[in-house]
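Work out the full structure, taking the sequences as your base and the hints as a guide.
Protein chains in written order, with the numbering used here: chain A, 28 to 370; chain B, 23 to 137.
Hints listed in this document are in silico derivations from the structure and should not be mistaken for laboratory results.
As the structure is a prediction and not an experimental result, all values here were calculated from the model.
In this text, a Cβ means the ideal position worked out from N, Cα and C, and glycines have one as well.
Each hint should be verified, as a subset may be incorrect.
Subject to a maximum C-alpha distance of 16 Å in a straight line, what follows is the list of computed EDC-like cross-link-like pairs (lysine to aspartate or glutamate) [as the list claims (entries may be wrong)]:
hint : chain 1 : residue 1 : chain 2 : residue 2
1    : A       : Lys38     : B       : Asp109
2    : A       : Lys46     : B       : Asp109
3    : A       : Lys43     : B       : Asp109
4    : A       : Lys159    : A       : Glu147
5    : A       : Lys53     : B       : Asp109
6    : B       : Lys87     : B       : Glu117
7    : A       : Lys252    : A       : Asp109
8    : B       : Lys87     : B       : Glu52
9    : A       : Lys43     : B       : Glu117
10   : A       : Lys252    : B       : Asp109
11   : A       : Lys253    : B       : Asp109
12   : A       : Lys43     : B       : Asp56
13   : A       : Lys38     : A       : Glu54
A few chain A residues that face chain B, going by a derived Cβ cut-off under 10 Å, partial list only [what the hints assert, rightly or not]:
hint : residue
14   : Met184
15   : Asp188
16   : Glu242
17   : Phe251
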Amino acid sequence: MPVQCSSCREKRAVLKRPKTGHSLCKECFFWAFEEEVHQTIKAAELFKPGESVGIAASGGKDSTVLAHVMKLLNERYNYGLDLMLISVDEGITGYRDDSLETVKRNQQQYELPLKIVSYEELYGWTMDAIVKQVGLKNNCTFCGVFRRQALDRGAIMLKVDKICTGHNADDVAETVLMNVLRGDIARLRRCTAISTTSEGDGVVPRCKPLKYAYEKEIVLYAYFKKLDYFSTECIYSPNAYRGHARTFLKDLESIRSSSIIDIIHSGENLSVRDGVKMPVQGTCSRCGYISSQALCKSCVLLEGLNRGLPKLGIGKHHRLHDKLLSQQPLTEKEERKLKSVDF
Amino acid sequence: MHTCNLGKYQFSIFGYRLIFLFFFNSRASELLFDGVKEHQVTLPGQSDPWDMKQLLVWIQRNLLKERPELFVQGESVRPGILVLINDADWELMGELDYQLQDQDCIVFISTLHGG
Ligand SMILES: [Zn+2]
Ligand SMILES: [Zn+2]
Ligand SMILES: [Zn+2]
Numbered sequence: 028m029p030v031q032c033s034s035c036r037e038k039r040a041v042l043k044r045p046k047t048g049h050s051l052c053k054e055c056f057f058w059a060f061e062e063e064v065h066q067t068i069k070a071a072e073l074f075k076p077g078e079s080v081g082i083a084a085s086g087g088k089d090s091t092v093l094a095h096v097m098k099l100l101n102e103r104y105n106y107g108l109d110l111m112l113i114s115v116d117e118g119i120t121g122y123r124d125d126s127l128e129t130v131k132r133n134q135q136q137y138e139l140p141l142k143i144v145s146y147e148e149l150y151g152w153t154m155d156a157i158v159k160q161v162g163l164k165n166n167c168t169f170c171g172v173f174r175r176q177a178l179d180r181g182a183i184m185l186k187v188d189k190i191c192t193g194h195n196a197d198d199v200a201e202t203v204l205m206n207v208l209r210g211d212i213a214r215l216r217r218c219t220a221i222s223t224t225s226e227g228d229g230v231v232p233r234c235k236p237l238k239y240a241y242e243k244e245i246v247l248y249a250y251f252k253k254l255d256y257f258s259t260e261c262i263y264s265p266n267a268y269r270g271h272a273r274t275f276l277k278d279l280e281s282i283r284s285s286s287i288i289d290i291i292h293s294g295e296n297l298s299v300r301d302g303v304k305m306p307v308q309g310t311c312s313r314c315g316y317i318s319s320q321a322l323c324k325s326c327v328l329l330e331g332l333n334r335g336l337p338k339l340g341i342g343k344h345h346r347l348h349d350k351l352l353s354q355q356p357l358t359e360k361e362e363r364k365l366k367s368v369d370f
Numbered sequence: 023m024h025t026c027n028l029g030k031y032q033f034s035i036f037g038y039r040l041i042f043l044f045f046f047n048s049r050a051s052e053l054l055f056d057g058v059k060e061h062q063v064t065l066p067g068q069s070d071p072w073d074m075k076q077l078l079v080w081i082q083r084n085l086l087k088e089r090p091e092l093f094v095q096g097e098s099v100r101p102g103i104l105v106l107i108n109d110a111d112w113e114l115m116g117e118l119d120y121q122l123q124d125q126d127c128i129v130f131i132s133t134l135h136g137g
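Structural data, given as structure tokens:
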């Protein structure tokens with residue numbers, strides 16, 4: 028027996044909103060979803076007129092919905108933004124082909140300019156070449172570190188003022204949880220922020236317009252709007268730990284529907300007691316990216332790759348950074364330790 | 023992504039003709055259903071109408087290849103998998119108690135990273 032839309036009381040409801048429990052028809056759901064993103068953007072003053080904004084586009088559902096909604100709201104409410112899609116090509120044979128094709132179609136569908144930046148131009152190495160050198164077991168260290176910085180490097184190259192990413196409420200809750208589990212107080216304090224300000228030359232401010240949007244609604248928005256997206260996952264090694272956190276979160280949610288927003292709320296309202304040691308945030312002396320060490324993680328990894336010492340940067344080798352910075356040769360013992368690769 | 027296409031199949035007196043669409047990432051899809059996204063099946067007739075609870079058991083026995091825990095948990099789908107019945111959220115349709123009709127189209131969408 029069909030349920031009626033609780034908003035217009037005319038059409039057949041197509042979903043029950045996890046946030047409010049309301050049953051809405053397609054049209055009323057689209058409107059509610061878009062208006063909430065607009066409210067989020069307005070309340071947090073994420074953008075200023077005239078800014079150029081890069082939308083991180085992977086071809087996945089979150090970024091596809093983000094691109095669609097940003098384009099729509101920019102026109103509906105005259106944000107005055109200069110929007111652009113930015114995609115990163117890691118250089119993994121076969122893996123990005125489908126998702127990059129999707130992004131290229133999105134470019135046509137949304138009439139937004141698209142820039143694809145490759146690892147090759149950003150780092151001088153494709154992921155395939157990295158895997159060849161470091162083995163499958165260690166590649167995700169590179170994946171994670173390089174991916175985090177790729178957008179910044181790309182955005183600087185393209186001279187955009189801001190980047191927005193498709194992180195949704197479920198992602199933020201999951202990150203809060205992971206930082207608690209890992210005892211990462213510094214990240215725990217930062218991870219719920221809806222936007223970051225520029226911290227040095229190497230970093231472009233970022234924001235998350237979908238921060239309060241539930242994954243279920245994003246998926247259904249994409250489904251009912253028939254948006255063109257692609258299911259992506261790192262083929263080299265999906266992050267198992269994150270997977271467990273997500274499963275746990277979904278289990279919690281099935282028992283208590285407000286779990287996601289409750290966890291975000293906890294994260295937002297934590298305050299760290301005075302006297303807790305925090306890593307000092309400096310900048311990388313080579314590329315300007317935020318780093319607590321003299322060299323940022325990706326510069327260390329790159330140095331290792333370029334010197335044929337792939338293990339550099341995988342373990343704790345901070346002692347060696349000074350040597351690297353001053354281009355000093357390593358001792359034979361140090362070299363040996365960094366060369367062996369266990370596949 | 024394509025949606026339900028009803029009316030494609032003839033009514034059958036032998037049981038229910040159903041369409042399933044599975045939207046999972048390629049890895050999970052490979053493990054669970056040999057990478058086949060769309061399934062047209064005929065359920066055997068029985069004295070009482072089929073409900074979703076029985077259907078999930080049937081899917082587990084007849085369609086799933088490996089790693090059924092990626093799809094089912096207890097007697098329901100694994101949390102994080104969305105279910106649409108004729109393009110409406112199953113939470114509006116009674117979930118496990120929904121009684122299937124001939125030519126129903128059931129869509130399963132995974133929102134999990136590993137799924
Ligand atoms: Zn309505
Ligand atoms: Zn990876
Ligand atoms: Zn650096």
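Here's how the hints hold up against the structure:
| no. | hint | verdict |
| --- | --- | --- |
| 1 | Lys38(A) to Asp109(B) | 14 Å, holds |
| 2 | Lys46(A) to Asp109(B) | 20 Å, violated |
| 3 | Lys43(A) to Asp109(B) | 13 Å, holds |
| 4 | Lys159(A) to Glu147(A) | 15 Å, holds |
| 5 | Lys53(A) to Asp109(B) | 10 Å, holds |
| 6 | Lys87(B) to Glu117(B) | 24 Å, violated |
| 7 | Lys252(A) to Asp109(A) | 24 Å, violated |
| 8 | Lys87(B) to Glu52(B) | 9 Å, holds |
| 9 | Lys43(A) to Glu117(B) | 12 Å, holds |
| 10 | Lys252(A) to Asp109(B) | 12 Å, holds |
| 11 | Lys253(A) to Asp109(B) | 12 Å, holds |
| 12 | Lys43(A) to Asp56(B) | 31 Å, violated |
| 13 | Lys38(A) to Glu54(A) | 9 Å, holds |
| 14 | Met184 | 29 Å, violated |
| 15 | Asp188 | 31 Å, violated |
| 16 | Glu242 | 5 Å, holds |
| 17 | Phe251 | 8 Å, holds |
Checked against the numbered hints above, the structure violates hints 2, 6, 7, 12, 14 and 15; every other hint is satisfied.
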